[in-house]
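Q: Letter by letter, the chains look like this.
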Amino acid sequence: MFSGFMVDTWLAGILVALLAGAVGFFVVLRGSTFVAHALPNGSFAGAAGAALLGVSTFVGLAVFAVLGALSIAGLGRRGRHDAVTALVLVLMLALGALFIVLGAQYAPAVDALLFGELLGVSAAQLGPTVVITAVCLLALVLLYRPLLLSTVLPDSAQARGVGAGVVELCFLLVVALATAMTVPVVGTLLVFSLMVGAPAAARAVCDRPGRALALSIAIALTAVSAAIAGSYETDYPVGFFVGTVSAGCYVLGRLVGTRRRRVDHGAAEPAAA
Amino acid sequence: MTATGALVASGFFSSPAVGTALVIGAAVALVSGPLGVFTVIRGQSFAGEALGDIGMSGGSGAYLAGVGPLWGFLVAGVAAAALMELLGVQRRRGRDLATGVVLGSGLGLAALFLYLNSTEHGADVTMTVLFGSLFTVDRSTLPLVLVLALLVLLALGAIARPLLLASTSPELAAARGVPVALVGAAYLVALSLSVALCAITIGSILSTALLVGPAAASLRLARRPGRAMAVAAALGVAATWLGVLLAYDSYDWPPHHRGWPVSFFVVALVLVEYMLCGLIGGRRRAPHPAPDTAPPAALGG
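The listed protein sequences derive, respectively, from chains H and W.
With the first letter of the first sequence counted as 1, position 14 gets the number 14 in the numbering used here; the numbers rise by one all the way through.
So the numbering used here is basically just the index in the second sequence, starting at one, shifted up by 1000.
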């Protein structure tokens, strides 16, 4: 399980989990769940189109994810998604279907794209994956304070000269890049589970941002490693394990969080996610 | 005659598959349009989308169990709606998260079922469940589709007034004695049924387009809810019928004459309608430079 080609998979999986856990923390904090769902949708068309044109899948993913991010930033008002955003992204999915039919691609490739593949990252792609992870993590470090501030206290951030629009756009681009590199491993549909499940579980357990962020990354790492191991053993798609483990962690986190809050405050207040 | 000949490929009106497709498409659009108006007003597009995606697990599970996919869409949709309600989808705060978590686990299941399907029955199931095809819908599901459509319409008719009040101003509705939570739950069930119908028409992950698209378009034209619902139904029917026509024509199109997906045409047409309605609505409102009077909830949140 840890030999030969699987080394690349493990490395890619760890990078993906690191990034998804960190980016996801802000996704959940800002309530941009919809974005984390929509961007992978858009990137699906990119991957299918790239296969049609014979370009690298990775390039297709990145181009369409960034396009999706820009269109969300342009169409959504003040970070709120509206119906048109949903429509544009559903159209991208439909375009993906069209590209698949036009390219007469064989279906296992489609399954791999949607639900992830154990060997989704080849040795040649590992380099770009490392670079993108580094860039995104650096961007998150730089954005950490302005993001927190503009999320928690939008007015105060505005007063201090933190441009909400710029921060939002940078954040969307980070999500887009993270999407592009996560898709080959866990699949377009399950990127979302990883980006939302892990941080949501972390947030249910602890309140401090720093600690929740660390916990979110830890949970994402657990989910991805469990998924890779499970998929290796059973041959089931990676996405299945990512989805179920992430959701399981959330349920567990909520139970623990509710219980702890009851003990702490002696109040029967349910944990608001 | 030549004009229709250029537009409609021969055999369109005599093909039984086309007939079934047109009837199902119309029935589904007539239901999802009016229901979608409430989805947009309540800002629950994401919930609608999630229900569709979760339907994927039901649809693929149905293939595994050997029953019609519509049953799978139905069961998964209603179960997911109940779970979301339980986790708190009705609260404005945190409801996207509740939706998201249910959606995530549903997608995981779908991944497993589709994988099992592809090892057992070959790989076409994935494309059918995800992206649908009106032409391949079995004629025997027609009665079920019609009954469900009628059921949802009746239910919507019964709860329309309290639902509208509860959607626009929950406080006022509560003060007037409307059981806001109950109405919301009933609406969620109707939504899941309607999404199942959309899923059989244009595929589970595209179902949002038919649910939210015509409704959002109609709300840019019509201000009154009743009129908006009628316009949404009409727009939906137009998009599905024209989509079926174009898809039928596309069997003569390049690159390899196998036809383009119906769902692609329907989704693209819905988006075009949305843009056109924006242009018309914008021009009509232009003489009055009033601030945007759209219901704030329509932006979602």
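These aren't lab readings, by the way, just hints derived from the structure by calculation.
Predicted model, so just to flag it, every value in this text is computed and none were measured.
Misleading hints may appear alongside valid ones.
To be verified - Taking beta-carbon pairs under 7 Å as the criterion, some of the chain W residues facing chain H (in silico):
no. : residue
1   : Y1115
2   : T1128
3   : F1135
4   : L1151
5   : A1175
6   : W1241
7   : C1277
Said to hold, decoys possible - Here are the simulated distance ranges between beta carbons:
no. : chain 1 : residue 1 : chain 2 : residue 2 : range
8   : W       : R1161     : H       : V135      : 49 to 55 Å
9   : H       : G127      : W       : F1012     : 36 to 42 Å
10  : H       : A229      : W       : L1182     : 41 to 47 Å
11  : H       : L53       : W       : P1016     : 36 to 42 Å
12  : W       : T1136     : H       : L169      : 52 to 58 Å
13  : H       : R211      : W       : A1174     : 47 to 53 Å
14  : W       : G1259     : H       : V256      : 51 to 57 Å
15  : W       : R1161     : H       : V131      : 33 to 39 Å
16  : H       : S122      : W       : P1143     : 36 to 42 Å
17  : W       : T1136     : H       : S122      : 42 to 48 Å
18  : H       : F5        : W       : G1259     : 37 to 43 Å
Ideal placement from N, C-alpha and C gives every residue a C-beta, glycine not left out.
Q: All hints, please: hold or fail.
A: Verification of the hints:
no., hint, in the structure
1, Y1115, "holds, 5 Å"
2, T1128, "violated, 11 Å"
3, F1135, "violated, 13 Å"
4, L1151, "violated, 26 Å"
5, A1175, "violated, 25 Å"
6, W1241, "violated, 17 Å"
7, C1277, "violated, 11 Å"
8, R1161/W <-> V135/H: 49 to 55 Å, "holds, 54 Å"
9, G127/H <-> F1012/W: 36 to 42 Å, "violated, 53 Å"
10, A229/H <-> L1182/W: 41 to 47 Å, "holds, 45 Å"
11, L53/H <-> P1016/W: 36 to 42 Å, "holds, 38 Å"
12, T1136/W <-> L169/H: 52 to 58 Å, "violated, 42 Å"
13, R211/H <-> A1174/W: 47 to 53 Å, "violated, 39 Å"
14, G1259/W <-> V256/H: 51 to 57 Å, "holds, 52 Å"
15, R1161/W <-> V131/H: 33 to 39 Å, "violated, 58 Å"
16, S122/H <-> P1143/W: 36 to 42 Å, "violated, 51 Å"
17, T1136/W <-> S122/H: 42 to 48 Å, "violated, 36 Å"
18, F5/H <-> G1259/W: 37 to 43 Å, "holds, 39 Å"
Of the hints listed earlier, those the structure fails to meet are numbers 2, 3, 4, 5, 6, 7, 9, 12, 13, 15, 16, 17, in rising order.
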